[in-house]
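Under this note's numbering, the letters of the sequence shown match residues 89 to 413, in that order.
Since the hints were derived computationally from the structure, they do not count as laboratory data.
Ideal Cβ placement from N, Cα and C applies to all residues, glycine included.
Hints may contain errors.
Stated by the list, open to error - Restraint-style ranges between C-beta atoms, simulated for each label pair:
no. : residue 1 : residue 2 : range
1   : K395      : I201      : 43 to 53 Å
2   : K142      : E106      : 17 to 27 Å
3   : L243      : A331      : 40 to 50 Å
4   : K110      : R386      : 23 to 33 Å
5   : K135      : G199      : 18 to 28 Å
6   : I326      : E109      : 26 to 36 Å
7   : A143      : L388      : 39 to 49 Å
8   : Q398      : D261      : 14 to 24 Å
Claimed, not checked - Heads up, simulated BS3-like pairs for lysine-lysine below, C-alpha to C-alpha not over 30 Å straight-line:
no. : residue 1 : residue 2
9   : K100      : K110
10  : K371      : K403
11  : K394      : K370
12  : K379      : K350
13  : K385      : K339
14  : K371      : K329
15  : K217      : K135
16  : K114      : K371
17  : K110      : K129
18  : K403      : K379
19  : K217      : K350
20  : K142      : K403
21  : K139      : K97
22  : K97       : K142
23  : K342      : K114
24  : K114      : K134
25  : K334      : K139
26  : K100      : K131
27  : K135      : K370
28  : K403      : K139
29  : K114      : K97
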Amino acid sequence: MFLLEFENKLLKLNAEIEDIEKRLEKCVEKGRCFPGKSTEKLKELKKQMNKELKALYSNLGAWEKQTVARHPNRPHAIDYINTLIHEFTPLAGDRNFSEDNTIIGGIGFLGDIPVMVIGQEKGNTIQEKQIRNFGMPKPEGYRKAKRLINTASRLSLPIITFVDTPGAEPGIDAEARGQAEAIARSIQACLDSNTPIVSVIIGEGGSGGAIAIATSDSVIMLEHSVYSVISPEGCAAILWKSASAKELAAKASKITAQDLKKLGIIDEIVEEPLGGAHRDAKKAIQDVGDKVYSELKRLLQISDIKKHRQDRFLKMTRLEEQAKS
């Protein structure tokens, strides 16, 4: 298990657990061992690990949550889609320039509800990360998202989006192809949709790159995910002239699910398994699926979803004005 910097105190304990698990696995494969004592020791060590994890994760700071959100083993959009959406039919291309592998989308079923699904995928291996552009969509990705949102509206399909991006692709080529305009058009498509939209921040929700597919009727965040207008490193570099102030920037930026729920920016928080979603991806994904399903059922009962969406964002504006006054 890859341990984060704030988990360093667990290094020795983790190494002991992994060592016993490997020895037990080899022993069972050879069929010539009696793992009684080792099994008991493993149970004892895991119990101790859970106790340490509970102490660590019950009081995480904003920067520590940022590192959890970036954990390499955290389940990605493709994991949620493959697990939760059955009869999934992928749709590709923006009908304008090319296919963007960072944005994945298509039609399928969440339980008994037919849905359009859109997700930002980071990839796992180095090769996958390069293909997925490390989770940073290009203009054609956002134009593809807009096309799928508009298609869902025509077909009266509710929309689910899985948000996980450090931000939109910032390169010169992306800017030349109209990155800002593509993001704006995707946001407009969300606002104009005549079907419910539920967005889930499963890892990082980075700036306009996230808002482009998270302008929704209900925004759900995993307990240790983050949602921000700029990365803590970027904020620190601008305001404190040094990326070393990232922890201070993370705290000041109110990027955690808990802060954003208090501010009225998001609607629901899904608790993660002890130690983060990466420690029990199956449970984390299923819990998200259950919450999304209940939210869609609720939203599908609303007669004027566009008016509901408008009221939601106007309420945010009023809360912001109250905070300034």
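Verification of the supplied hints:
{"no.": "1", "hint": "K395 x I201: 43 to 53 Å", "in the structure": "22 Å, violated"}
{"no.": "2", "hint": "K142 x E106: 17 to 27 Å", "in the structure": "20 Å, holds"}
{"no.": "3", "hint": "L243 x A331: 40 to 50 Å", "in the structure": "45 Å, holds"}
{"no.": "4", "hint": "K110 x R386: 23 to 33 Å", "in the structure": "47 Å, violated"}
{"no.": "5", "hint": "K135 x G199: 18 to 28 Å", "in the structure": "35 Å, violated"}
{"no.": "6", "hint": "I326 x E109: 26 to 36 Å", "in the structure": "45 Å, violated"}
{"no.": "7", "hint": "A143 x L388: 39 to 49 Å", "in the structure": "41 Å, holds"}
{"no.": "8", "hint": "Q398 x D261: 14 to 24 Å", "in the structure": "35 Å, violated"}
{"no.": "9", "hint": "K100 x K110", "in the structure": "15 Å, holds"}
{"no.": "10", "hint": "K371 x K403", "in the structure": "33 Å, violated"}
{"no.": "11", "hint": "K394 x K370", "in the structure": "34 Å, violated"}
{"no.": "12", "hint": "K379 x K350", "in the structure": "19 Å, holds"}
{"no.": "13", "hint": "K385 x K339", "in the structure": "35 Å, violated"}
{"no.": "14", "hint": "K371 x K329", "in the structure": "41 Å, violated"}
{"no.": "15", "hint": "K217 x K135", "in the structure": "35 Å, violated"}
{"no.": "16", "hint": "K114 x K371", "in the structure": "27 Å, holds"}
{"no.": "17", "hint": "K110 x K129", "in the structure": "14 Å, holds"}
{"no.": "18", "hint": "K403 x K379", "in the structure": "23 Å, holds"}
{"no.": "19", "hint": "K217 x K350", "in the structure": "34 Å, violated"}
{"no.": "20", "hint": "K142 x K403", "in the structure": "36 Å, violated"}
{"no.": "21", "hint": "K139 x K97", "in the structure": "13 Å, holds"}
{"no.": "22", "hint": "K97 x K142", "in the structure": "13 Å, holds"}
{"no.": "23", "hint": "K342 x K114", "in the structure": "47 Å, violated"}
{"no.": "24", "hint": "K114 x K134", "in the structure": "20 Å, holds"}
{"no.": "25", "hint": "K334 x K139", "in the structure": "29 Å, holds"}
{"no.": "26", "hint": "K100 x K131", "in the structure": "16 Å, holds"}
{"no.": "27", "hint": "K135 x K370", "in the structure": "20 Å, holds"}
{"no.": "28", "hint": "K403 x K139", "in the structure": "41 Å, violated"}
{"no.": "29", "hint": "K114 x K97", "in the structure": "28 Å, holds"}
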